[in-house]
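Next come the chains, spelled out residue by residue.
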Amino acid sequence: MPETILKATNISKKYGKHNALHKVSIEIKRGMIYGLIGENGAGKSTFMRTVMGLITIDEGEIELFGETGITGLQRARRKMGQSIETPALYPDLTARENLRVQAANGGVSEREIDSLLRLMNLSHTGKKRTKNFSLGMRQRLAIACALVTNPEFLILDEPTNGLDPSGIVEMREIIQRLVTERGMTVLLSSHLLDELSQVATHYGILHDGKLIKELSQDELTNETRQYIELETSEVQTAVVVLNELGIRDYEVINGMEINIFERLDDVALINRSLVLAGVNVMRIGASRQKLEDYFLQLTEGSRHV
Amino acid sequence: MFNLLTAEKIKLLRSKKVWIVLGLFVIIPIYQALESKSSSLKQVLETVVNGATGILMMEKNGFAILLIVSAFISFFIGEEFQNGTIRNVLSLGRSRTQYYLTKLAVASLLAVVGILIMTALGIVTYTSLHGFGEVAGIHDYFSYAFKAFGTLLLLILANVSIYVMISFQSKSSAVSLIWSFLYTIATGFGAGIFLQTEHFKFITFWFTEAFLFYSDFANPAEISLYPRMVLVSLLTIVISSTIGILLFKRTDIK
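Top to bottom, those sequences are chains A and B. The opening residue of the first sequence carries number 1 in the numbering used here; numbering runs sequentially from there. The opening residue of the second sequence carries number 306 in the numbering used here; numbering runs sequentially from there.
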């Protein structure tokens with residue numbers, strides 16, 4: 001049984017009358033890449049800040065590396081690294097100096113600095129001050145700062161925010177390398193499920209301060225069902241053909257599209273039957289429900305509860 | 306706390322603001338000495354008239370020192386909140402008390418270094434232009450100089466402590482600058498208003514600026530007030546730091 005790194009139980013935080021977090025419980029075990037997903041304002045950053053001890057909680061309990069209480073949590077937090085929201089750097093210092101400051105803050109030696117600069121592809125920055133870095137470079141340096149104290153648990157809040165597509169791919173690779181090469185446990189957030197799905201092993205969906213769903217990568221794959229996407233100008237005739245074929249699990253999306261959720265291997269047969277019945281098939285093929293649609297389905301559902 | 310001080314050292318050595326502050330502490334006494342070259346100085350008006358009275362550079366430049374120090378502290382602490390770098394320290398499990406005290410220690414140290422430079426340069430430049438001379442009515446100069454310097458330094462450090470508290474509560478350089486300035490003006494120049502009244506006169510001398518701005522440290526009669534000034538300064542440091550730490554512990558870091 002893998003060790004529990006973070007166990008948050010019934011965490012609540014209010015700002016005035018607004019529930020930023022409402023009884024959120026999350027358990028993260030060693031080796032997980034736990035993706036926290038939610039719209040802006042869903043409570044992702046607030047939850048991460050409570051774990052880091054940056055904001056106080058109104059209710060609930062946080063256990064880190066099996067430690068609780070003020071002193072215990074302080075001790076446990078020495079094994080953590082974070083980059084929350086915008087990269088927190090000293091703009092007038094170089095990349096190396098920023099790393100030296102964080103190494104001193106953590107009371108660790110500076111011997112990791114060179115390898116971290118190489119890992120984050122920042123070795124060439126020399127005397128360039130971080131205020132002159134691109135956003136991607138600053139994001140990478142912020143993660144290097146989080147790593148300089150050799151954490152076992154890394155918290156990254158929207159690490160791909162503002163990055164271009166190549167930067168996003170690079171960031172994803174870095175996170176995966178940290179897990180495989182350094183055996184880290186990662187909690188990261190995004191408002192894009194599609195993006196998280198390419199790196200996370202487990203997911204927690206936050207909406208309006210509540211954790212509305214938790215699922216593993218396998219469960220997510222099952223939940224986001226595959227289907228046959230059919231586009232035709234004669235939907236009514238197509239429906240008759242589908243019924244004749246014994247297909248019952250389908251959905252008419254609009255006057256032009258039908259999504260068929262069964263007999264996924266029978267695309268050719270369905271196509272032939274439709275053509276023989278004189279249905280003008282404009283497009284047919286296997287597809288997967290978009291993760292963003294799945295996410296919206298969940299959050300819309302919770303809104304109506 | 307030693308680790309946090311090491312981190313501060315790395316930051317300060319590369320900080321332009323530190324060098325600007327120290328530069329001002331160098332320029333002010335030299336400029337004032339050169340300005341005084343051609344005129345005959347009166348101790349009551351100019352405070353520093355020769356090398357011996359150079360020990361009172363803090364009294365002469367009280368307002369300027371407070372403005373410089375408050376501006377430095379506002380940026381020094383406010384930028385940690387604005388850049389988000391405070392998160393890097395606190396999320397490592399460092400106690401907020403340690404962090405607060407580190408900032409207070411560094412701000413105080415910079416103020417002490419600056420004041421030492423200003424006072425030393427004041428003594429040297431005024432001695433070279435007006436001679437070392439003496440402080441009228443003072444027979445044991447070294448004892449007097451030690452007491453006057455120590456008392457003035459504590460009065461300044463009490464204000465440093467207040468500015469640190471204000472900066473931690475403001476969480477922004479600009480807001481902290483404004484509040485620190487208002488505090489200095491209100492407790493310094495506003496104290497004159499209380500002095501005019503019979504019933505509230507006593508309040509005036511519970512604010513360190515009142516001593517800085519309204520006392521004549523070269524007047525032997527006022528030397529007896531030094532213990533009270535020391536007491537008020539120490540109380541200010543203890544109370545403001547306690548309030549500052551307690552409030553900071555309850556502050557949510559965005």
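Watch out, some of these pointers could steer you wrong.
[Said to hold, decoys possible] Listed below are the simulated DSS-like cross-link pairs for lysine-lysine, each with C-alpha atoms no more than 27 Å apart in a straight line: (1) B:K476 x B:K554; (2) A:K14 x B:K321; (3) A:K17 x B:K559; (4) A:K14 x B:K314; (5) B:K314 x A:K79; (6) A:K127 x B:K314; (7) A:K127 x B:K321; (8) A:K23 x A:K210; (9) A:K7 x B:K559; (10) A:K210 x A:K17.
[To be verified] Only some residues are given here: those of chain B computed to face chain A with a beta carbon under 7 Å: (11) N308; (12) T311; (13) I315; (14) R319; (15) Q387; (16) N388; (17) R392; (18) V394; (19) S396; (20) T402; (21) A441; (22) G442; (23) L530; (24) D557; (25) I558.
Hints in this document: simulated from the structure, not taken from any laboratory. Computed from a prediction, not measured in an experiment: that's the story for all the values here. Just so you know, even glycine gets a beta-carbon here, dropped at the ideal spot from N, CA and C.
Next on the checklist: Tell me the numbers of any earlier hints that the structure contravenes, in ascending order.
Outcome noted: 2, 4, 15, 20, 21, 22, 23
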